[in-house]
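4 protein chains.
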Amino acid sequence: MNKFTYQRKIYFADTDAAGVVYFANLLSICHESYEEYLTKLKINLPDFFRNNIIAIPIIHAEIDFFKPLFCGDLIMIDLSTKLINDKIFEISYKINQDNVLIASALTRHICINPQTRKTQEIPLIIKKNL
Amino acid sequence: MNKFTYQRKIYFADTDAAGVVYFANLLSICHESYEEYLTKLKINLPDFFRNNIIAIPIIHAEIDFFKPLFCGDLIMIDLSTKLINDKIFEISYKINQDNVLIASALTRHICINPQTRKTQEIPLIIKKNL
Amino acid sequence: MNKFTYQRKIYFADTDAAGVVYFANLLSICHESYEEYLTKLKINLPDFFRNNIIAIPIIHAEIDFFKPLFCGDLIMIDLSTKLINDKIFEISYKINQDNVLIASALTRHICINPQTRKTQEIPLIIKKNL
Amino acid sequence: MNKFTYQRKIYFADTDAAGVVYFANLLSICHESYEEYLTKLKINLPDFFRNNIIAIPIIHAEIDFFKPLFCGDLIMIDLSTKLINDKIFEISYKINQDNVLIASALTRHICINPQTRKTQEIPLIIKKNL
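Chains as they are written, first to last, in this note's numbering: chain W, 1 to 130; chain Y, 1 to 130; chain F, 1 to 130; chain G, 1 to 130.
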């Protein structure tokens, strides 16, 4: 298991007319932390996300909300990775503000060939960092 | 339990550089079907979403993806509602394209007072339609 | 010049914490009307937007806001097209609610080869419909 | 006139199926730089954006694109402010990557009473920093 922390401010575009972060946008913000983690592993993001041979789409995502987030709030996302099998890994996210847990989320990723959509093994560079 | 069907085209803004719908955007599209269901119940959306006395935020959301969706694809979302208790209800969504299941999602909603953030009973107009 | 009308409800995800539509989201909604216009012309959207030989990116966009839009509002977008030269066309959008002008927008598009990013002539199927 | 610089990575959610940043999303990213500028001025963002007495909505936005942006790209936004009159100011944005101009944008803001939607003078704390 690997761990990584990402700090993010809540912007106006993240909010909705109820005055708080729109639920689906917090999953996007979690995905940003995953992208920063990949960057830390020296993985080239455009190669990773637009590859014709290997794609690792999300097959499951979930999120639980404990407290609301407002525009201007500063959050810390603690990301941790878990290898499920040769083809699947999970990322879990703890979203904190001032050391209070605001939300927790999880994304499950499967390695496929993007042309055939058939599953295949996760590349070693990713696997060894999970 | 109540049922409702919503038809939606996938737009360019829904997609990402992998060429398919960005995972979190499909949850937003599910939320649109919930808003259309509320409209069908003659619930005034701005009153519902910007109310100072009653708010019904999402406390949990999850989604499973079985097939990718591309720009221009036409989807049908079958929404069904379920009352969990006096304060909580769930909406489940089956996302289909040409009668093939593409994804399924669920949102759990809790009724609160938006000022105090304390839980309270779901209003009758909503409850009787769940 | 060609004309087209698109009807759209304002959804919760379109709004921000000020309670109205977030400014950049109304440009996305205008782009939806452009996609519906392309669909009416029998243009295949994934072919159009993910083509390796011809891409028609936006080089300029602008929008003026006259009145706010709230969640649940129903708008009509009147789109009209204008050929500027062999490589460039413009789409203008009038966003109305109950026959009152809420906003107006414009997007300018240039035809390029997406590999070289060099300009080229707009394909006939598009050109003859501008 | 005041100046401010904001650094931002392009994330996967910012992109579309053409593989580059979706046009309207770059305006949202410019708005982030405006929010960071307000934060630097010690303006409380939730107070600023959800105020019942003073609102400063965008009445005009425009953007010109010179080069495409891809997932993982690092951009610098140079923001500068300009007071137009007692009620209106403009923010202009130069979006650079490795000192090459990628896009330029402008937003025009008007000070209103959000209840009556009537114009009023820009608050001093903002005005003296334009």
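Don't read these hints as lab results, they were simulated from the structure.
Treat each hint with caution, since some may be false.
Remember, identical chains collapse to one label, so a pair may be satisfied in a single copy or spanning two.
[Said to hold, decoys possible] Below, simulated DSS-like cross-link-like pairs (lysine-lysine); rule was C-alpha separation at most 30 angstroms, straight line:
1. LYS127 to LYS40
2. LYS127 to LYS87
3. LYS67 to LYS94
Check your understanding: Okay, which hints does this one fail, numbers in order?
Key -> none
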